[in-house]
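S.K.: According to the working numbering, the sequence shown holds residues 11 to 178 in order.
Please keep in mind that the hints were generated in silico from the structure rather than gathered at the bench.
All residues carry an ideal CB built from backbone N, CA and C; glycine is no exception.
Careful, some of the hints might be misleading.
[To be verified] List time: in silico DSS-like cross-link candidates among lysine-lysine, alpha-carbon distance up to 25 Å:
(1) Lys110 to Lys84
(2) Lys84 to Lys66
(3) Lys66 to Lys110
[As the list claims (entries may be wrong)] Cβ-Cβ distance ranges computed for the label pairs, FRET-style:
(4) Ser135 to Lys84: 43 to 49 Å
(5) Gly41 to Leu130: 18 to 24 Å
(6) Glu137 to Gln93: 21 to 27 Å
(7) Gln70 to Asp121: 38 to 44 Å
(8) Gln93 to Leu17: 20 to 26 Å
(9) Gly41 to Lys110: 18 to 24 Å
(10) Met141 to Glu107: 15 to 21 Å
(11) Phe26 to Gly163: 19 to 25 Å
(12) Gln128 to Gln70: 41 to 47 Å
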Amino acid sequence: MDEKLQLESWLPYRLFRISVRIADVLNAFYGPRFGFSRSAWRTMAIIANRPGVSAKEICQAGGLDQFSVSRAIKQLVELGYAQRQNGRTDRRYAAIELSKSGWAAFTEISDLARRLDQELTGAVSQEELAMLDSILTKLDNASAGIMARGWRGGAREKSEPDGQKTGD
Numbered sequence: 011m012d013e014k015l016q017l018e019s020w021l022p023y024r025l026f027r028i029s030v031r032i033a034d035v036l037n038a039f040y041g042p043r044f045g046f047s048r049s050a051w052r053t054m055a056i057i058a059n060r061p062g063v064s065a066k067e068i069c070q071a072g073g074l075d076q077f078s079v080s081r082a083i084k085q086l087v088e089l090g091y092a093q094r095q096n097g098r099t100d101r102r103y104a105a106i107e108l109s110k111s112g113w114a115a116f117t118e119i120s121d122l123a124r125r126l127d128q129e130l131t132g133a134v135s136q137e138e139l140a141m142l143d144s145i146l147t148k149l150d151n152a153s154a155g156i157m158a159r160g161w162r163g164g165a166r167e168k169s170e171p172d173g174q175k176t177g178d
């Protein structure tokens, strides 16, 4: 019998927990202060790093679905943190940019994010941090390959939905 998955030691879950903890701390700050959601923050950060980005590009860069991005853009625009510029030739395309107040909010949140990052990375040495960066790059590339193959490609032994193994 195979050993059952121990969630607490499964690498994707461990990385997820670290990420969620930091995201929760940030959200506790920007949610009440600026009045927007996690998706809106992620969207804002992508726009700040890629001014004039489209909703489709935000989806791809942020791992968000179209509905979440549309809602986030709408929220940022309504709150005055972003502006939508319709395309000249294609009205379906809109370039999104931060407004002056959007840049101010982004800067304030980014300052806190950087302090949290420094505290987090301060728990390890510079050598360990360099090694972690290298490892994360490799894991990112490996996860992209797994995603490209899908769940069926990620299994060593392929099984039918009823649990019967298939021959290769």
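S.K.: With reference to the structure, classify each hint as holding or not holding.
M.R.: Hint check results:
| no. | hint | verdict |
| --- | --- | --- |
| 1 | Lys110 to Lys84 | holds, 17 Å |
| 2 | Lys84 to Lys66 | holds, 14 Å |
| 3 | Lys66 to Lys110 | holds, 23 Å |
| 4 | Ser135 to Lys84: 43 to 49 Å | holds, 44 Å |
| 5 | Gly41 to Leu130: 18 to 24 Å | holds, 20 Å |
| 6 | Glu137 to Gln93: 21 to 27 Å | violated, 44 Å |
| 7 | Gln70 to Asp121: 38 to 44 Å | violated, 27 Å |
| 8 | Gln93 to Leu17: 20 to 26 Å | violated, 43 Å |
| 9 | Gly41 to Lys110: 18 to 24 Å | holds, 21 Å |
| 10 | Met141 to Glu107: 15 to 21 Å | violated, 38 Å |
| 11 | Phe26 to Gly163: 19 to 25 Å | holds, 22 Å |
| 12 | Gln128 to Gln70: 41 to 47 Å | violated, 29 Å |
Violation of the numbered hints given earlier is confined to hints 6, 7, 8, 10, 12; the remaining hints are satisfied by the structure.
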